[in-house]
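Undergrad: One-letter residues, chain by chain:
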Amino acid sequence: MSPPAPVESRILRPVGPLVISIENVTKLYHMGDETIHALRGVSLEIRRNEYLAIMGPSGSGKSTLMNMLGCLDTPTAGKYEFSGQDVASMVDDELADIRNREIGFVFQTFNLLARSDALRNVELPLIYGGISPHDRHERATAALVSVGLGDRIHHRPNELSGGQRQRVAIARALVNRPSIILADEPTGNLDSKTGVEIMALFEDLYEKGNTLIVVTHEESVARHARRIIRLRDGLIESDAPAD
Amino acid sequence: MSEIMRMAFGALGVNKLRSFLTMSGITIGVFSVIGVMTAVSALRGSIETGLSFLGSNTFQFAKWPTGITGGGADWEKIMARRKISLEQAERYADLMKGTTEVICFKVFNNESLVQATANGHKTTPGITFGGTNEYFLMANQFSIDTGRNFTGGDVDMVRPVCILGKDVVTKLFPSESPLGKTIKANGRTYLVIGTFAPKGTMFGQSEDDIIMIPVSRYLMDFGAQRYSVNITTQASSQAAYNITMDQGISAMRIVRGLRPEQANDFELYSNDSLIAAFAKIADVISAGAFIISAIALLAAGVGIMNIMLVSVTERTKEIGVRKAVGARKILILTQFLVESVVLSVTGGLFGIVLGTFAGDGLAMFLNVSIVFPWGWALTGVVVCSVIGIAFGLYPAWKASSLDPIEALRFE
Numbered sequence: 499m500s501p502p503a504p505v506e507s508r509i510l511r512p513v514g515p516l517v518i519s520i521e522n523v524t525k526l527y528h529m530g531d532e533t534i535h536a537l538r539g540v541s542l543e544i545r546r547n548e549y550l551a552i553m554g555p556s557g558s559g560k561s562t563l564m565n566m567l568g569c570l571d572t573p574t575a576g577k578y579e580f581s582g583q584d585v586a587s588m589v590d591d592e593l594a595d596i597r598n599r600e601i602g603f604v605f606q607t608f609n610l611l612a613r614s615d616a617l618r619n620v621e622l623p624l625i626y627g628g629i630s631p632h633d634r635h636e637r638a639t640a641a642l643v644s645v646g647l648g649d650r651i652h653h654r655p656n657e658l659s660g661g662q663r664q665r666v667a668i669a670r671a672l673v674n675r676p677s678i679i680l681a682d683e684p685t686g687n688l689d690s691k692t693g694v695e696i697m698a699l700f701e702d703l704y705e706k707g708n709t710l711i712v713v714t715h716e717e718s719v720a721r722h723a724r725r726i727i728r729l730r731d732g733l734i735e736s737d738a739p740a741d
Numbered sequence: 057m058s059e060i061m062r063m064a065f066g067a068l069g070v071n072k073l074r075s076f077l078t079m080s081g082i083t084i085g086v087f088s089v090i091g092v093m094t095a096v097s098a099l100r101g102s103i104e105t106g107l108s109f110l111g112s113n114t115f116q117f118a119k120w121p122t123g124i125t126g127g128g129a130d131w132e133k134i135m136a137r138r139k140i141s142l143e144q145a146e147r148y149a150d151l152m153k154g155t156t157e158v159i160c161f162k163v164f165n166n167e168s169l170v171q172a173t174a175n176g177h178k179t180t181p182g183i184t185f186g187g188t189n190e191y192f193l194m195a196n197q198f199s200i201d202t203g204r205n206f207t208g209g210d211v212d213m214v215r216p217v218c219i220l221g222k223d224v225v226t227k228l229f230p231s232e233s234p235l236g237k238t239i240k241a242n243g244r245t246y247l248v249i250g251t252f253a254p255k256g257t258m259f260g261q262s263e264d265d266i267i268m269i270p271v272s273r274y275l276m277d278f279g280a281q282r283y284s285v286n287i288t289t290q291a292s293s294q295a296a297y298n299i300t301m302d303q304g305i306s307a308m309r310i311v312r313g314l315r316p317e318q319a320n321d322f323e324l325y326s327n328d329s330l331i332a333a334f335a336k337i338a339d340v341i342s343a344g345a346f347i348i349s350a351i352a353l354l355a356a357g358v359g360i361m362n363i364m365l366v367s368v369t370e371r372t373k374e375i376g377v378r379k380a381v382g383a384r385k386i387l388i389l390t391q392f393l394v395e396s397v398v399l400s401v402t403g404g405l406f407g408i409v410l411g412t413f414a415g416d417g418l419a420m421f422l423n424v425s426i427v428f429p430w431g432w433a434l435t436g437v438v439v440c441s442v443i444g445i446a447f448g449l450y451p452a453w454k455a456s457s458l459d460p461i462e463a464l465r466f467e
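Chains as they are written, first to last, in our numbering: chain U, 499 to 741; chain S, 57 to 467.
Calculated from the structure, these hints are not laboratory results. A virtual CB, placed ideally from N, CA and C, is assigned to each residue, including glycine.
Simulated coverage check for chain S against chain U, where a stretch passes if three residues somewhere in it have a Cβ under 8 Å from a Cβ of chain U:
1) 57-70
2) 373-381
3) 457-464
Chain U on its own, in the form it takes in the complex (with noise of 0.2 Å):
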């Protein structure tokens, strides 16, 4: 287990407008003839400068309600809106759309191109955005670089270590300056010391003005947010300030 972080010396920044407005929103998949009720009736606000953790044990709906977050699933029932645009009703390219500006993915397994090096992997997004090969070029080195990796560049996955890559999947998701970094399990691929590291950068990226959403069942992991959503069983237990 990580060792606590020093609460006393945290920042905690000014909230910004309101990105994520999630109202009742429910989820059922079927399941053969079993109709499974993930999310039962959610409601959420996620605002500018958050720093968000959702907790809960499995089954609870913490998965749905981070792929719904992410924009990777749209709700069976309810209302989801992404800086005021209606995600509910999306089709799947424009799903892919805003996943691609508005959404930066840090995954347990890293998930990153075995075959491409770490400057390919972070520009991926920049390639679906479009980007010209300079500017890609320049803003995904910059990436890198402020996640630690600047001497790394050139480095394929393999020649990488696990907090490495995990460092370039967090470049990946923060090359596209997006609105929100959704973060499943960070840590949860990584022994606890590489585990700090990476929860010092996420502490960096907030400072920087970042808004983070992370998931995790570790509450040393959900400890450094500023805001700790509980669900059981579909709903929100609990919403409240990380003490």
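Using the hints provided, position chain S relative to the given structure of chain U.
TA: Frame of chain U, contents of chain S only:
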């Protein structure tokens, strides 16, 4: 688009052996059609630009048609035709006397491989051995090197004399003049009276591997009943060619005793008709190559589809990542489609290069000028693109329709 090309080449480069094997199917398909088409167009080109099967201003009558005829009733009719006998041929020559004198009779051995011997030397088996008359030289563009040509007397008197081609002379009389010597061919003995000047090769076959004897002698030695005489007539000039041919046909009909309502029971060969016959053969060969290639390409296309489906499954997670960072469906679709098109077109280009080399190699062997089959090469590239798209579309569509959540979860 250049990024997508880069991604596609990158992905193909990872599985080099697999990509190569998949491509080779296309290569083989394209190779066969391009090879055959190159050889055929090289041949056709050289035939249409001045190559003559027969001597200039000549036409020929024979019992058998050349080339490929449609079998069935026609074929039976041809089988039932009477042979053209030497008597008929001589009568034809008489009838044509006022028009042209140059009328060559020919019979050829086409049943067994003939080997000639003299002084303990042997020719290779399979030389050209036949009977003719004094007009053989003019009608077939041969000339006498040493000794003399046949005379009317040789034919009338059924003399056992022969004229040898250059290759036969080299084999049988390596160090002496053959004139006045005897040779044995097909079990009979002949006196050498002359040699032909060398002529070279036609379609890779030597025309100097030849022994000719008087037609009357040939029929006597080997059985008049077994052979049909070919009659080659040479018009006195280009201007007289058509009239001479019309008269020739009339004369043949008289000789054959045909009534006006009866069809010709003999074949007329002219350079035009032989070129047409060649074109017909070339078309059949082309069609055959085309069908074989189509089947090969179909199989190769299925191979591409198979490999692309495997690739999509293997790269499910990659597809999930690409979608998560905002790749639209069409971009994923294009990426995989480009991969299959690159596979198929690269395979096709190899096939075009190899096929052109093979076809032109054959053309060079047959001593005709080489060509680059632009039309077929272009068609090949287009067809390969179509194959790549057609067989790559389903795998690419499958990739683009993956649910990003499921894809990311895939292990």
